[in-house]
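Colleague: Residues in the sequence shown are numbered consecutively from 1, following the numbering used here.
It should be emphasised that the hints constitute simulated quantities derived from the structure, not laboratory data.
Accuracy of the hints is not assured; some may be wrong.
To be verified - Derived DSS-like pairs (lysine-lysine); straight-line CA-CA distance at most 30 Å:
hint, residue 1, residue 2
1, K34, K10
2, K217, K137
3, K204, K217
4, K137, K185
5, K204, K185
6, K185, K34
7, K117, K185
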Amino acid sequence: AHHLIALGVKPGNRIATVLDRSVALVVAQLAVLKAGGVYVPIDRALPSARQGWLMADCAARLVLTEGVDELVDVTIPVLSIEPLMAGTGSSADPGLTLSAEAAAYVMYTSGSTGLPKGVVVLHRAVNRLVINNGYAKIDARDRVAWVGNPAFDASTFEVWTPLLNGGCIIALDATTVLNPSNFAKSLEQQRVTTLFLTTALFNKYTSSIAPALAQLKYLLSGGEASDGPSFLRLLREEGPVRLIHCYGPTETTTFATVCEITAIGETFGRVPIGRPIANTRIYLLDGH
1 AHHLIALGVK
11 PGNRIATVLD
21 RSVALVVAQL
31 AVLKAGGVYV
41 PIDRALPSAR
51 QGWLMADCAA
61 RLVLTEGVDE
71 LVDVTIPVLS
81 IEPLMAGTGS
91 SADPGLTLSA
101 EAAAYVMYTS
111 GSTGLPKGVV
121 VLHRAVNRLV
131 INNGYAKIDA
141 RDRVAWVGNP
151 AFDASTFEVW
161 TPLLNGGCII
171 ALDATTVLNP
181 SNFAKSLEQQ
191 RVTTLFLTTA
201 LFNKYTSSIA
211 PALAQLKYLL
221 SGGEASDGPS
231 FLRLLREEGP
241 VRLIHCYGPT
251 ETTTFATVCE
261 ITAIGETFGR
271 VPIGRPIANT
281 RIYLLDGH
């Protein structure tokens, strides 16, 4: 944070991060926020030209990354995170005071026009997602798996839920997550208590590793319309402790509504999206 401030980063400046889910990315996000900035996570797997377009679109002041040489189509300063993690800077809190209405990050969605659309998310929106939220009481005993792409909004829940509640982040790489057997072993070995899965992965893994998922304290799923049989398979395993279906577009900061599933019929179709999480109001509108 002090290094960014020394480089001229001011409150409200956008700082792009092009990093895989890792300790380095958490450090980068915390540094940006401590400096009063706004982090903009960009998928490392995107073509360099698209990365450059996103940085230009959000008016990023600079970019934090590991592989500096990878970003060939970027016209703003590129800063390697590795030297900044060496611990040679000041450990004092910069002491900047930000309003809850200040922007925390910008998350890009695909956009209805085909062009990515940046969604500005406020500090208070993140607080409402993870603190006294009414659906998951996380504390220092919890270990939250980080399996989502940092450029997608599920990572907001996966990172800030443990950080703001004293828990532990368990970052799992893509190779592990996409291998059912290895994924199940990692959940057990890392003593994961809380996991969010996209609907596609949830449907797949309730068939292949249901016993491992049943050991969790909280299992959350969402992103697409969910079907009853996947939830039924887990309920037959007598777990997890809380099985939660979530709904919410990026604009609502990850989850807007949740529905805890405790029972479901054999022929049940789509799973309800439930009710608003705490400190959230929804409106049901007709065609007009």
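Colleague: Now tell me if each hint is right for this structure.
Modeller: Against the structure, the hints come out as follows:
This hinted pair checks out: K34 and K10 have alpha carbons roughly 11 Å apart, not beyond 30 Å. Using a Cα cut-off of 30 Å, the hinted pair K217 and K137 holds, with the two alpha carbons roughly 10 Å apart. Straight-line distance between C-alpha atoms of K204 and K217 comes to about 20 Å, which keeps the hinted pair within the 30 Å bound. Distance hint between K137 and K185 is fulfilled; the C-alpha atoms sit about 25 Å from each other, no more than 30 Å.
Only pairs whose Cα atoms come within 30 Å are accepted, and K204 paired with K185 is accepted, the gap being roughly 16 Å. For a cut-off of 30 Å, the pair hint linking K185 to K34 is broken: about 36 Å separates their Cα positions. Distance hint between K117 and K185 is unfulfilled; the C-alpha atoms sit about 37 Å from each other, more than 30 Å.
Of the numbered hints listed earlier, those contradicted by the structure are 6, 7.
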